[in-house]
Amino acid sequence: MTALTDLTIAGMKAGLAARDFSAVELADAHLAAMEAARGLNAFIVETPDIARAQAAVADAALARGDARPLAGIPLGIKDLFCTEGVQTTAGSKILQGFIPQYESTVSGKLLADGAVMLGKLNMDEFAMGSSNETSAYGRVISPWKAGDSNRELVPGGSSGGSASAVAARIAAGATGTDTGGSIRQPAAFVGISGIKPTYGRCSRWGVVAFASSLDQAGPMARSVADCALMLTSMCGYDAKDSTSLNVPVPDFAAGLTGDMRGRRIGIPREYRLDGMDPGIIALWEQGIAWMKDAGAEIVEVSLPHTKYALPAYYIIAPAEASSNLARYDGVRYGLRVTPPGGNLADMYAATRAAGFGAEVKRRIMIGTYVLSAGFYDAYYTQAQKVRTLIARDFERAWEQCDLLLTPTAPSAAFAFGDKADPLEMYLNDVFTVPSSLAGLPAMSVPAGLSADGLPLGLQIIGRPLDEAGVLDAGLAIERAAGFTARPGR
Amino acid sequence: MSVDEPTVRKIARLARIGIADDDVAPLAGELSAILGWIEQLGEVDTAGVAPMTAVIPNHLAWRVDQVTDGDVQGKVLANAPDATSGFFAVPKVIE
Chain A
1 MTALTDLTIA GMKAGLAARD FSAVELADAH LAAMEAARGL NAFIVETPDI
51 ARAQAAVADA ALARGDARPL AGIPLGIKDL FCTEGVQTTA GSKILQGFIP
101 QYESTVSGKL LADGAVMLGK LNMDEFAMGS SNETSAYGRV ISPWKAGDSN
151 RELVPGGSSG GSASAVAARI AAGATGTDTG GSIRQPAAFV GISGIKPTYG
201 RCSRWGVVAF ASSLDQAGPM ARSVADCALM LTSMCGYDAK DSTSLNVPVP
251 DFAAGLTGDM RGRRIGIPRE YRLDGMDPGI IALWEQGIAW MKDAGAEIVE
301 VSLPHTKYAL PAYYIIAPAE ASSNLARYDG VRYGLRVTPP GGNLADMYAA
351 TRAAGFGAEV KRRIMIGTYV LSAGFYDAYY TQAQKVRTLI ARDFERAWEQ
401 CDLLLTPTAP SAAFAFGDKA DPLEMYLNDV FTVPSSLAGL PAMSVPAGLS
451 ADGLPLGLQI IGRPLDEAGV LDAGLAIERA AGFTARPGR
Chain B
1 MSVDEPTVRK IARLARIGIA DDDVAPLAGE LSAILGWIEQ LGEVDTAGVA
51 PMTAVIPNHL AWRVDQVTDG DVQGKVLANA PDATSGFFAV PKVIE
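Chains A and B, in that order, give the protein sequences.
223 is the number that the numbering used here gives to position 223 of the first sequence; each next residue is one higher, with no gaps.
48 is the number that the numbering used here gives to position 48 of the second sequence; each next residue is one higher, with no gaps.
Quick caveat, the hints were computed from the structure, so don't treat them as lab data.
Every residue, glycine too, gets a C-beta built ideally from N, C-alpha and C.
Among these hints, one or two may not hold up.
What the hints assert, rightly or not - To spell it out: a stretch of chain B is covered by chain A in this simulated footprint if at least three of its residues, at any positions, have a beta carbon under 8 Å from a beta carbon of chain A; those stretches are:
#, stretch
1, 2-12
2, 29-37
3, 50-58
4, 61-73
5, 77-85
6, 88-94
Throw the hints in and build the complete structure from the sequences for me.
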């Protein structure tokens with residue numbers, strides 16, 4: 001029999017329904033895996049007691065025959081989601097010891113659907129990072145190694161704990177959040193699937209804010225169908241988030257066909273960068289061939305403002321972050337540092353100096369600068385105009401195609417310290433940021449291995465609210481790729 | 001755009017982040033490099049383009065103007081570094 005931790009969510013559901021194993025057994029298997037893989041540092045807080053109690057509730061529901069769709073499925077929750085009674089830090093020292101008095105809408109919906117929480121997953125501080133090196137709770141390590149090398153690799157970021165835990169079979173699935181690629185890039189780096197839905201599909205209520213016009217929650221799991229199962233539970237209108245979309249949520253898993261016949265797949269020519277890794281180009285071409293084989297029509301399209309997406313993002317996201325993170329002042333929650341004899345202003349400055357890490361400070365300062373008097377129009381207003389043009393590029397592309405196919409990241413996972421220059425790190429999000437700026441649904445699916453045996457992902461981008469189309473294309477790639485590689489540790 | 005050291009100190013003060021003297025010069029270099037890279041946005045012709053306000057068209061929902069929560073003082077103060085007599089307490093601001 002397959003180890004319980006190797007099953008997909010769909011497989012776990014079937015096994016639980018057939019009473020092949022209990023939810024408590026399933027939870028125990030994952031808790032044991034979590035303990036064995038502590039070296040990855042994927043969790044900031046482990047919640048074994050909560051997991052076992054929730055699993056017992058799931059078993060009772062399964063016995064009664066009124067189990068919810070995710071009854072007994074062991075999940076990890078990214079530490080950006082407030083969880084009632086369980087420490088939530090967003091990977092920051094400034095929130096160390098913060099115990100939310102309420103549950104985020106998205107994690108609450110998963111739990112209401114019967115999911116079991118294994119713990120809180122490590123992440124880049126306030127989701128600002130692409131490598132998990134900015135967490136105040138230590139870096140998360142990828143379970144993968146390159147070729148014969150023994151160097152430890154990054155799991156990507158910011159949802160690096162989520163990626164590492166799912167790839168290492170510690171959790172069946174995990175919540176992630178994506179502001180500029182924080183679900184898709186780590187999913188690609190560790191060989192799992194992840195989808196960022198349309199902006200507004202998942203409620204942001206109770207999710208620690210980074211850049212509010214971009215932040216979206218989404219699932220990360222080992223199959224496209226598993227992502228679809230989780231996504232259905234996570235989406236839905238929420239009056240507590242003013243940007244929540246009041247639209248019906250389809251049963252994404254039930255509607256999944258993988259049928260690409262008659263679909264037009266756009267290939268954006270601007271995503272072919274100068275000096276691009278030949279392995280990434282080859283994978284992309286392979287993906288195009290798979291789509292053709294599945295019956296899709298391939299169309300070359302142009303997204304002319306692509307090269308301006310990253311600089312626009314690095315104005316808009318820090319600007320929103322500088323405003324959102326103003327709340328961490330040592331008064332209502334979190335760390336407080338008061339210098340001897342210091343007044344209130346001294347307390348603010350000392351608290352924020354001690355509580356924020358270098359990357360967060362850097363971004364707050366960039367945001368403060370671009371919003372300051374005299375620079376606001378030249379930077380912030382111009383960036384928001386460019387954002388309009390980027391969204392318009394996509395709208396024009398949809399006149400020619402139904403979905404877009406691109407690589408997820410310009411490289412495979414890199415080693416710790418390899419991208420010490422912040423700018424070089426930012427460039428890793430080149431393929432994921434444009435669709436974030438346009439609020440579009442996008443997913444990464446593992447599609448192959450690099451020359452030294454590391455996972456590579458392909459990205460599918462869809463029209464607003466066409467998660468179903470994105471998932472179908474993802475399933476088509478998953479079937480064609482037959483990705484079965486798994487990490488060594 | 002090159003950010004000089006007085007500007008770094010000014011931004012840090014506006015952002016209420018204390019910075020050590022030794023960190024000012026490196027920060028000036030890092031912020032200058034990032035802002036220099038961002039400058040390329042200036043070459044985009046945005047004449048007549050409206051800045052984006054909502055990424056997915058949506059209108060703010062209305063609700064009945066009534067109290068829907070409250071009476072949770074204990075929860076509000078539960079994480080306060082210093083709560084006194086049902087209030088958040090801060091260092092003295094008036095001598």
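State the violated hints by number, sorted upward, taking the hints as numbered earlier in the document.
-> Those not satisfied: there are none.
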